[in-house]
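There are 2 protein chains.
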Amino acid sequence: MKSIGIGLIGLGTVGSGAVKIIRRNKEMISRRAGCHVRLVRFCDKFIRSKPDLGIRSGDVTSDYHDLLKNRDIDIIVELIGGYEPARTMILDALRAGKHVVTANKAVLAKYWDEILSTAQKHKRLVYFEAAVGGGVPVIQGLNEGLAGNRIAKIMGVLNGTTNFILTKMSEENMKFSDALETARKAGFAEANPAYDIEGLDTAHKLSILSSIAFGAWVKISDIPTEGIAKLDLFDLQLAEREFGLGLKLLGIAKENRGKVEARVHPAFLPIGHPFLSVKNEYNAILIEGDSVDDVIFYGKGAGQMPAASAVVSDIIFVARHVAEGTAGRLPYVTYDEKRKIKMLKADDSLCKYYLRFTTKDRSGVLAKISGLLGRYRVSIDSVFQPTVIDEGKIGPHAHILVATHAVREGSVRKAVRQIDGLSITKAKTVVIRIED
Amino acid sequence: MKSIGIGLIGLGTVGSGAVKIIRRNKEMISRRAGCHVRLVRFCDKFIRSKPDLGIRSGDVTSDYHDLLKNRDIDIIVELIGGYEPARTMILDALRAGKHVVTANKAVLAKYWDEILSTAQKHKRLVYFEAAVGGGVPVIQGLNEGLAGNRIAKIMGVLNGTTNFILTKMSEENMKFSDALETARKAGFAEANPAYDIEGLDTAHKLSILSSIAFGAWVKISDIPTEGIAKLDLFDLQLAEREFGLGLKLLGIAKENRGKVEARVHPAFLPIGHPFLSVKNEYNAILIEGDSVDDVIFYGKGAGQMPAASAVVSDIIFVARHVAEGTAGRLPYVTYDEKRKIKMLKADDSLCKYYLRFTTKDRSGVLAKISGLLGRYRVSIDSVFQPTVIDEGKIGPHAHILVATHAVREGSVRKAVRQIDGLSITKAKTVVIRIED
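Just so you know, the sequences run in chain order A and B. Residues in the first sequence are numbered consecutively from 2, following the numbering used here. Residues in the second sequence are numbered consecutively from 2, following the numbering used here.
The set of hints was computed from the structure by calculation and includes no laboratory data. Please read these numbers as outputs of a predicted model, since none were measured by experiment. Mixed in with the good hints, there may be bad ones.
Pairs count within a copy or across copies, as identical chains cannot be separated in the list.
[To be verified] DSBU-like cross-link-like pairs, simulated, lysine-lysine; straight-line CA separation at most 30 Å:
(1) K124 / K27
(2) K231 / K394
(3) K339 / K27
(4) K255 / K21
(5) K343 / K255
(6) K255 / K280
(7) K220 / K415
(8) K27 / K154
(9) K341 / K3
(10) K343 / K27
(11) K3 / K124
(12) K27 / K220
(13) K361 / K427
(14) K21 / K260
(15) K154 / K339
(16) K427 / K415
(17) K122 / K3
(18) K280 / K353
(19) K21 / K341
(20) K339 / K3
Please work from the sequences and hints to get the whole structure.
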């Protein structure tokens, strides 16, 4: 049996998990890879031994070039995350003739073309199952298992941190800030959680899934992204009570007549929707193909071992190909630099909306608002005027809840802007999408 | 671009679906396969044109050897199903140097070793995504995406026909025979449905999943299999009302201290279990790995286009490898003829049970039954004596429902056999497993 060497960059949570799995399942991994998978050397900013992982300080370098120069290393595993220096490390590794396994969604979403074209040019593999859905093998599923399908839609609960927070808000009636604090204490939110909370992590993952599904790079800058930080518990409660809706942060991409629409935002879903039973750190990804219809992948989207599991699965497959001498003859993801995608303008996107207007408590207000919505062709599905009057900072006021039919986003924005300028309006209108 | 030739055997439902997809998504398939995928010739027992599929009668032969001899054909797609002549066709194809794509779970489960070793010997690929889960890419997921995991458990709703019937029984309070008739009319049950109803189809699929997961052939003869034909609607209703349980036909395989346990049977699941929302022709497969924890794959497990979608995805990947000259250098499923698995004896299997005793309506009966259960160490979790007394054929009687803790199957069988022999017992005891 041949021996295939691994150089691993980043001995943090996922890196340590991957080392644990490789040590623990040594025999099984050799059998599946058809070769010995040997951890040759590590790169980390801290040079120190990790006795529980069988790592001596001499095995660790702080200069990743040491790994690239090492002829015993065939595969570089990048697990430090973020844009840089991860991007440079990956590109240098490919240029140095190494294959790459990474869990880094940020660098892939931002430098998709550069990384894939460099890999193709140097006939090296880049595998990245752990970048989306943690341990859930959705990249494989989309890229290979569903390859015969023209993908019509991708919809995912893709971020564990925000899903944990939203679960706490809806199940325990916690305010956003309290739920965030709980997530931090449970280890599901980082010290600076902006990256998750603002939806950027979800956008990165959606960019990767869409780029595979539609055969061309869907850039993060082409994905309008809204996070969950401004959500009011009040709306979760009202929407559940009055419309039977539950809330999730979703990444959604659709193809329609040659144009792709991709967006990240919180959205209400009807009670009974399978995504509403996706709780805490779990992820779920629905993929709709023209032949297969809906397929759902579900599992732990965050945590050390699920992500490490995906990394090791990638290592096994790259190692198999290296041992057999076939690695890099075919790229993992089919990719054509010249193929471009037309994105749908955000204003042209069609969606149902939940609108909460905060107005003076007087007659004629509903007529005024519904008149303005009508003028912009925002068609109303149902209206509620809950009796909750929060005196609060803004004094006595009323709420009007509207659920719309599917309407153009541009029209909704225009109507709401106009309504927000009226003297009867006492606070900015809350606008949240409703998905089916 | 190279052209890779397909010879397709079986122009039935799935075969016609595959041809439709290949014609419809031609450009996309070429892009993903990196070559033209060309339908060269067809084999079917009926020599006739199919104008809607662009097939002339001259394209069809009734002798599959014509396909094997054709030098333009690289890949044989076998879609006739069943053990023979499918087995001979697949083996002949591999020996003739063709790669094989099949949707045939029966032939794979029954001749796993023979087919995989022949493929390995001739360095040819065998892909079979459509054999399990219809369009759901669970074979890819298990074989590649979760390869870094030691698989602890597989549990699946794997058969669309029986799931359709059970959905009708539980949601519309239909008797088994009426639900079967409804399934027939809806096109979800064949004229002779025994293969599905008796659990054999589920056993075939479980055999394939287990053989991949545990790295050695798990034979159908090693999978104790019970179907759903003897289920009484009464038990579904009682178990839901008294214990909050719902019923599914499950295929379950587990590894425990080097031994594998595999079984197919109807089982109750607690309300809220994700599998209870898997309805009608949908399938769901839960895979538990030592690192990834639970992953669930969900989607349409039956129907023309979902199964055809999986066949075409396989064709794309085999064609890619053929075009690149790498096909068959590595087998798809890692397989070692010499590796054997120890199966757990059915009697040693541990499970919770639902037991319904039908007894004379007199005092002391419960004491007698619970005494006998205790003697065989069948530990009782809860007992109900519903007031429903069906006079029916057997005259006045009472029911005693027992939910047990996890107990040895052998013990339950012995206790029930003894209880069934008592003079107070008026009908054979109903024994149904409860899973978590």
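Each hint tested on the structure:
{"no.": "1", "hint": "K124 / K27", "in the structure": "both (28 Å within a copy, 26 Å between copies)"}
{"no.": "2", "hint": "K231 / K394", "in the structure": "within (17 Å within a copy, 66 Å between copies)"}
{"no.": "3", "hint": "K339 / K27", "in the structure": "between (42 Å within a copy, 19 Å between copies)"}
{"no.": "4", "hint": "K255 / K21", "in the structure": "between (39 Å within a copy, 23 Å between copies)"}
{"no.": "5", "hint": "K343 / K255", "in the structure": "within (12 Å within a copy, 48 Å between copies)"}
{"no.": "6", "hint": "K255 / K280", "in the structure": "both (24 Å within a copy, 26 Å between copies)"}
{"no.": "7", "hint": "K220 / K415", "in the structure": "within (26 Å within a copy, 65 Å between copies)"}
{"no.": "8", "hint": "K27 / K154", "in the structure": "between (39 Å within a copy, 20 Å between copies)"}
{"no.": "9", "hint": "K341 / K3", "in the structure": "between (41 Å within a copy, 24 Å between copies)"}
{"no.": "10", "hint": "K343 / K27", "in the structure": "between (46 Å within a copy, 21 Å between copies)"}
{"no.": "11", "hint": "K3 / K124", "in the structure": "both (21 Å within a copy, 19 Å between copies)"}
{"no.": "12", "hint": "K27 / K220", "in the structure": "between (39 Å within a copy, 26 Å between copies)"}
{"no.": "13", "hint": "K361 / K427", "in the structure": "within (6 Å within a copy, 73 Å between copies)"}
{"no.": "14", "hint": "K21 / K260", "in the structure": "between (44 Å within a copy, 24 Å between copies)"}
{"no.": "15", "hint": "K154 / K339", "in the structure": "within (23 Å within a copy, 44 Å between copies)"}
{"no.": "16", "hint": "K427 / K415", "in the structure": "within (18 Å within a copy, 74 Å between copies)"}
{"no.": "17", "hint": "K122 / K3", "in the structure": "both (26 Å within a copy, 20 Å between copies)"}
{"no.": "18", "hint": "K280 / K353", "in the structure": "both (24 Å within a copy, 27 Å between copies)"}
{"no.": "19", "hint": "K21 / K341", "in the structure": "between (41 Å within a copy, 27 Å between copies)"}
{"no.": "20", "hint": "K339 / K3", "in the structure": "between (38 Å within a copy, 20 Å between copies)"}
Taken one by one, the earlier hints all hold for this structure without exception.
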